[in-house]
Amino acid sequence: MVELIEYLIPRESPPHPAPTPGAGYLPEVWLLGSSTYSAQLAAHLGLPFSFAYHFAPALLDEAVGLYHDTFRPSRFLESPYLMVAASVICAPDELEAQWLAGSNALNLIQRAQGRPGPLPSPDEAAAYTMSASETAFVRDALATHAIGAPEMVTQKLRTLASRTGAQELMISTRVHSLDARVRSFSLLAEEWGSSSPEKKQPELDSRLSSSTL
Amino acid sequence: MTTSLSVLDLATVASGSTPAHALRETTEMAVKAEQLGYKRLWVAEHHAMAAVASSAPAVLIAHLASATSRIRLGSGGVMLPNHSPLVIAEQFATLEALHPGRIDLGLGRARGHRPRHRARLAS
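Chains as they are written, first to last, in the working numbering: chain Y, 25 to 237; chain P, -11 to 111.
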């Protein structure tokens, strides 16, 4: 990781080999992790850290605590910058959100049974009869997902943000159709409101300036 | 406290669909995410998973960056144990040169696949 970053930082004596493009073309570098080790590594290197809450929910508090407590300022950041990844399905109402979540639930069962496949449709999921143990497995697996109407999803995400101090949440939405995926992100953005100031501000400004003209 | 929202996209392959269609849907998702004001969209590196068409993040990011104009795009993440650091540096410096200020290089320490696939990636 350090070797990779060193290729892209301008220096007096370039590395050998010196990639082109290389030095001076440094993207924003992030460390992703689902463990306490990766949290400490990100802190040690002074990198922004993205924690995979969507598949490692149990370690969230410990990893985030270590990242914040052991962070060392670097050429990248003066203070910690945390992102938390979360699974979300947002629909106009709770019932439909749960219906859409059936796809992911059945896909998780298929994977656990060693026969992974493409993401089933909600109809395929509804046609599948879960055993008691599968029902319990799915309930556990989806417990940390935010699935529901916009208000409920937003409330759950705001709780996650304040619990971790995250500057950013990364939303993963596994649903069968693109329409349902886009609608979920659209409903969430609308409810979150302040999440899209860059988009809303210019619109507002142009409306104001045209009205004054 | 204001918290930004971003998108993690796995280029999910739905039943009855194809990886090509999944990748086109991810492209549409990136355009919509930009319109909706999301800060960034990251794509994963998963290997040999029937439900995930995102296995080559740098290639996909290049495509998504050309289809959009403002949203940040990145890897969530490049699984470093699979690659030579020099090659990843070259790929992402190329992306940064083509789309300055819009590229994120998210790095992971896992492999994103099962052992059987590991040998093939390494050979």
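No wet-lab data here; the hints were simulated from the structure. It cannot be assumed that every hint is accurate.
To list a few chain Y residues with every Cβ distance to chain P over 10 Å, as calculated [unchecked claim]:
hint, residue
1, Val53
2, Asp117
3, Glu148
4, Val162
5, Arg205
Simulated restraints, written as ranges between beta carbons of each label pair [claimed, not checked]:
hint, chain 1, residue 1, chain 2, residue 2, range
6, Y, Asp203, P, Gly89, 39 to 49 Å
7, P, Ala44, Y, Gln137, 24 to 34 Å
8, Y, Arg35, P, Val75, 17 to 27 Å
9, P, Ala44, Y, Thr94, 42 to 52 Å
10, P, Gly4, Y, Arg35, 19 to 29 Å
11, Y, Glu30, P, Val47, 33 to 43 Å
12, Y, Pro34, P, Pro7, 15 to 25 Å
By construction, the Cβ of each residue, glycine as well, lies at the ideal position given by its N, Cα and C atoms.
Hints, verified against the model:
| no. | hint | result |
| --- | --- | --- |
| 1 | Val53 | violated (5 Å) |
| 2 | Asp117 | holds (21 Å) |
| 3 | Glu148 | violated (6 Å) |
| 4 | Val162 | holds (16 Å) |
| 5 | Arg205 | violated (6 Å) |
| 6 | Y:Asp203 to P:Gly89: 39 to 49 Å | violated (32 Å) |
| 7 | P:Ala44 to Y:Gln137: 24 to 34 Å | holds (28 Å) |
| 8 | Y:Arg35 to P:Val75: 17 to 27 Å | holds (20 Å) |
| 9 | P:Ala44 to Y:Thr94: 42 to 52 Å | violated (34 Å) |
| 10 | P:Gly4 to Y:Arg35: 19 to 29 Å | violated (52 Å) |
| 11 | Y:Glu30 to P:Val47: 33 to 43 Å | violated (24 Å) |
| 12 | Y:Pro34 to P:Pro7: 15 to 25 Å | violated (39 Å) |
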